[in-house]
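Using the hints, build the complex out of the two chains.
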Amino acid sequence: MEIGFIKKLVNVIATNDNEQIASISDDELIRRYTETGDETSFDEIVNRYSDRIYGFALRITRNSSDAEEVFQEVFLTLTKKLGTFRGESKFSSWLYRVTVNASYMYLRSQKKHGNNISLENYSPYDEKGTLMGRIMYKDWSSRPDIIIFNKEALIIIEKAINELPESYRTVFHLRDIDGLSNEEVADILEVSIPAVKSRLHRARLFLRDKLSDYFHEWRR
Amino acid sequence: MFMCKDVVENIMSYIDCELDLQTLKELEKHTGDCPECMAFVSTYKRMLEITGKLKDKPFVTPEIRNRLRILLKSKVKPV
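Heads up: the protein sequence lines correspond to chains A and B, in order. The number in my numbering is simply the position in the first sequence, starting from 1, with 5 added. The number in my numbering is simply the position in the second sequence, starting from 1, with 147 added.
Just so you know, these hints were derived from the structure itself, not from any lab. Note that this is a predicted model, so its numbers are computed, not measured. A hint or two may mislead.
[Stated by the list, open to error] Taking lysine-lysine and the DSS-like style, the derived pairs with C-alpha atoms no more than 27 Å apart in a straight line are:
no., chain 1, residue 1, chain 2, residue 2
1, B, K200, A, K133
2, A, K202, B, K172
3, B, K202, A, K156
4, A, K95, B, K202
5, A, K133, B, K192
6, A, K202, B, K176
7, B, K172, A, K133
8, B, K220, A, K215
9, A, K202, B, K204
10, B, K204, A, K95
11, B, K192, A, K164
12, B, K200, A, K202
13, A, K85, B, K222
14, A, K143, B, K192
15, B, K220, A, K85
16, A, K202, B, K202
17, B, K200, A, K156
18, A, K95, B, K200
19, B, K222, A, K86
20, A, K215, B, K200
21, B, K152, A, K202
22, A, K202, A, K95
23, B, K200, A, K143
24, B, K222, A, K215
25, A, K215, B, K202
26, A, K164, B, K172
27, A, K133, B, K220
28, B, K220, A, K202
29, B, K200, A, K164
30, A, K143, B, K152
31, A, K215, B, K152
32, B, K204, A, K164
33, B, K192, A, K156
34, A, K143, B, K222
35, A, K156, B, K222
Same shape as in the complex, but just chain B (with noise of 0.2 Å):
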């Protein structure tokens, strides 16, 4: 019998679309009935939405990518 367990340990290949058919009907029957799983799906998705944010944050400021270029003409000499 496909438990909640079943739906947390599945949930990524869910994601993915990577179930086989069996697995999924069964997957999204249990979902279907159980509101705990339903909500885990859900604040599941929603947790990814919110670190696919994260991508579009810079990282290097303009004084770090500075203090590389002086650091790499102070040690590199020319080829």
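Looking at chain A on its own, in the form it has when it is part of the complex (with noise of 0.2 Å):
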């Protein structure tokens, strides 16, 4: 009864922590590990952002032990360098941008090169500039959820995304599934609002033609 009780009672102190913690500042996490190498301020920084760094590393990689490294360096990088993080941007940003810096460096120190391709001249229309015949019958809108959202057509998105030239797909990442604005995006890759707005663009169409593709085939 009384290890019961006791039991509780820690339970109910670790849970008000926890809430507590979650509740704190990036910023004051910041200065308390600055400051004072509180390892909980640390530990709570991992956890808000690990699946952030590491599906980015991922996106930027295609490969999960290498995006597991990078994952790895970036959290190690911070340990050192968390204390010149100045408040110019936002936490997040500036912790994305040690992420592309450490991707790059590590593709680099691999000998891995990705696509760079321009998809900047990337669209549907013919040279008349109409979708006459393009689009219609491979029209899959109307189909039900249960078809749209099944796992295979995830993995067929996620098998496009990755067929993307890497610069527009680090920007289609950051957007349409970390859900950054385009002056957070510009700022991260250090790229201006309109270049991201123009990947964006080219890389949605590029999916989109993807997706029709997929579904067209599998009607058959």
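Printed below as a string of structure tokens:
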């Protein structure tokens, strides 16, 4: 009875601690870690950003073991360089930038080069600017959700995203998967806002086409 | 004259509700008259719904987290 009570009490305290730390701002966690070496604060930063950092590294490297190398490198870098974060941009943007740099450095060290072809001229219309005979015969928009959102469709779209040239893939991931603004993406990738919009536009056109091919083939 | 090409090139602003009124009217009129563009807009929206599902996908497994924890413990000296 007494042991049960103590266990409950410990759980309540732990829950309260978790709730409390979850409500602390990034800046405060950074301050606590850099000034006092508070490991709980660093753990909370890891908890908050692990998925985003690993997901972005995986998107750039397209390989899970490479992504894990980058993921580890980013958090190791963080233990050393968190004190250099000046708060001039959002912490998440700074962290994404660290991830981009770590990913490229890793890929260079492994002599792995992505395809960097341009999709600037990629478009579904013909030279006269019409879509005549190009879209409707593959229209899959009225298919039921159970078919549209099946596991295979998600695998196809993942594969199609990974076929995008690197500069389009990173923009697409940050904007449409991680949900960042054009401004944040431009800041992270150090490109202009029109460049972000243009790359996102071509990436989406490319992916719409890939899904159309998939659903068209699937019907046969 | 508003063409299919204009629908394609304005689709992002259309989805984000950033088109000026005149362009919006022309785009909707063209799309209403052009089944190819209608299909293009519908499939584009559906594609965004599918890619939106990727947001929910968890990336880091407990094993990856654990390996990170061990690495940090072995490499990081207390401040």
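We went through each hint and held it up to the structure:
1. K200(B) - K133(A): Violated - the C-alpha atoms of K133(A) and K200(B) are around 35 Å apart, more than 27 Å.
2. K202(A) - K172(B): Measuring from Cα to Cα gives roughly 23 Å; hence the hint holds.
3. K202(B) - K156(A): 14 Å, holds
4. K95(A) - K202(B): 21 Å, holds
5. K133(A) - K192(B): Since the Cα atoms of K133(A) and K192(B) sit roughly 24 Å apart, the hinted pair holds (cutoff 27 Å).
6. K202(A) - K176(B): It holds: about 25 Å lies between the C-alpha atoms, which stays within 27 Å.
7. K172(B) - K133(A): 22 Å, holds
8. K220(B) - K215(A): 44 Å, violated
9. K202(A) - K204(B): Holds. K202(A) to K204(B) sits at ~25 Å (cutoff 27 Å).
10. K204(B) - K95(A): 24 Å, holds
11. K192(B) - K164(A): Within the cut-off at roughly 19 Å; holds.
12. K200(B) - K202(A): Holds - the C-alpha atoms of K202(A) and K200(B) are around 21 Å apart, at most 27 Å.
13. K85(A) - K222(B): 11 Å, holds
14. K143(A) - K192(B): Roughly 15 Å between the alpha carbons, so the hint for K143(A) and K192(B) holds.
15. K220(B) - K85(A): 13 Å, holds
16. K202(A) - K202(B): 20 Å, holds
17. K200(B) - K156(A): 11 Å, holds
18. K95(A) - K200(B): 26 Å, holds
19. K222(B) - K86(A): Holds, at about 14 Å.
20. K215(A) - K200(B): At roughly 17 Å apart (the allowed maximum being 27 Å), K200(B) and K215(A) satisfy the hint.
21. K152(B) - K202(A): Given that 27 Å is the threshold and the Cα spacing comes to 17 Å, the pair holds.
22. K202(A) - K95(A): 21 Å, holds
23. K200(B) - K143(A): Between K200(B) and K143(A) the Cα gap is close to 22 Å, so the pair holds against 27 Å.
24. K222(B) - K215(A): The given pair, whose Cα atoms are some 44 Å apart, is violated under the 27 Å limit.
25. K215(A) - K202(B): 19 Å, holds
26. K164(A) - K172(B): 36 Å, violated
27. K133(A) - K220(B): 62 Å, violated
28. K220(B) - K202(A): Judged against 27 Å, a Cα distance of about 41 Å means the pair is violated.
29. K200(B) - K164(A): Distance of about 15 Å is within 27 Å: holds.
30. K143(A) - K152(B): This hinted pair holds, its Cα atoms lying about 18 Å apart.
31. K215(A) - K152(B): 19 Å, holds
32. K204(B) - K164(A): This hinted pair holds, its Cα atoms lying about 15 Å apart.
33. K192(B) - K156(A): 19 Å, holds
34. K143(A) - K222(B): Distance ~55 Å between K143(A) and K222(B) Cα, so the pair is violated.
35. K156(A) - K222(B): 40 Å, violated
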